[in-house]
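S.K.: Sequence:
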Amino acid sequence: MKKFWIGIACAGVVSLGASVAYASDYVQALLFPVKIEFNGQNKVLGNDYTILNYNGHAYVPIRYIVENMGGEISYDGQLNQISIKYAEDQNRFSELNSVKQEGSFSLSLASQKKEYTRNEAINIWAELIYSGSTTIEVQHANPLIVYYIKDEVGNYREMATLDSNTTESITPNQKYKKSFPSGLVSAFNYDKSGLKDYRTFLEKSPAPESLSPGNYEIGVKASFSSNGMKKVIDTSIPITIK
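For what it's worth, the numbering used here labels the leading residue of the sequence shown as 10, then goes sequentially.
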């Protein structure tokens, strides 16, 4: 295995844009080209991520692991804190459902409730299922499932994705799950505020992670390419904030 130098905090793995570490914060590690399997399904790591072996322990890219397990991850630069939220059991009651079928793929979106109070967590989840009979290779950005919010007057914001594409094999009946990320609400409210500085927005906003009362469209998109053909699957549901 090839040796190289890397910061012990592995900041580049999480793509947090942390400040440069001092030389004393660096250790010698080894590239560890192992395969990762989720519920019996092998996943290709792609060129965006690297697994390391340091002192007999495997260090894996946290964003890749969390998102492939249906969770969400965010980083607060002011607090120097990584936050992880795991998706709950997807077999739960929902008042709203929407499904879009495109060939061998189906994208579903569900919400526990039609109406939420302003300070209540939005409980929405999405699932992409491949029902083909053969294994295929696809190329997509990260994450594969992207949420978006749109209000009654046309304000729109969707999740950011990494620019580089990931190539992976998708097996029959493979599923991708992703819960609604609360950080998207903050980004949506920041865009609406018109402020140029995010820190100022946080200081002036009493509830940055809460949607104002009104009607909203919550949607998901899955964009990927396979055999030279690009697919974009999109579905959405309406919710009301009281």
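Rather than coming from a laboratory, the hints here were simulated on the basis of the structure.
Hints should not be assumed to be uniformly reliable.
To be verified - Below, a list of computed lysine-lysine pairs in the DSBU-like style, where the Cα atoms sit at most 35 Å apart:
| id | residue 1 | residue 2 |
| --- | --- | --- |
| 1 | K205 | K184 |
| 2 | K123 | K213 |
| 3 | K122 | K251 |
| 4 | K186 | K205 |
| 5 | K239 | K201 |
S.K.: Run every hint past the structure and note whether it holds.
M.R.: Evaluated hints:
1. K205 / K184: At roughly 39 Å apart (the allowed maximum being 35 Å), K184 and K205 break the hint.
2. K123 / K213: Roughly 29 Å separates the two Cα atoms, so the pair holds.
3. K122 / K251: holds, 12 Å
4. K186 / K205: holds, 33 Å
5. K239 / K201: holds, 32 Å
Comparing the model with each earlier hint shows a violation of hint 1 alone; every other hint is respected.
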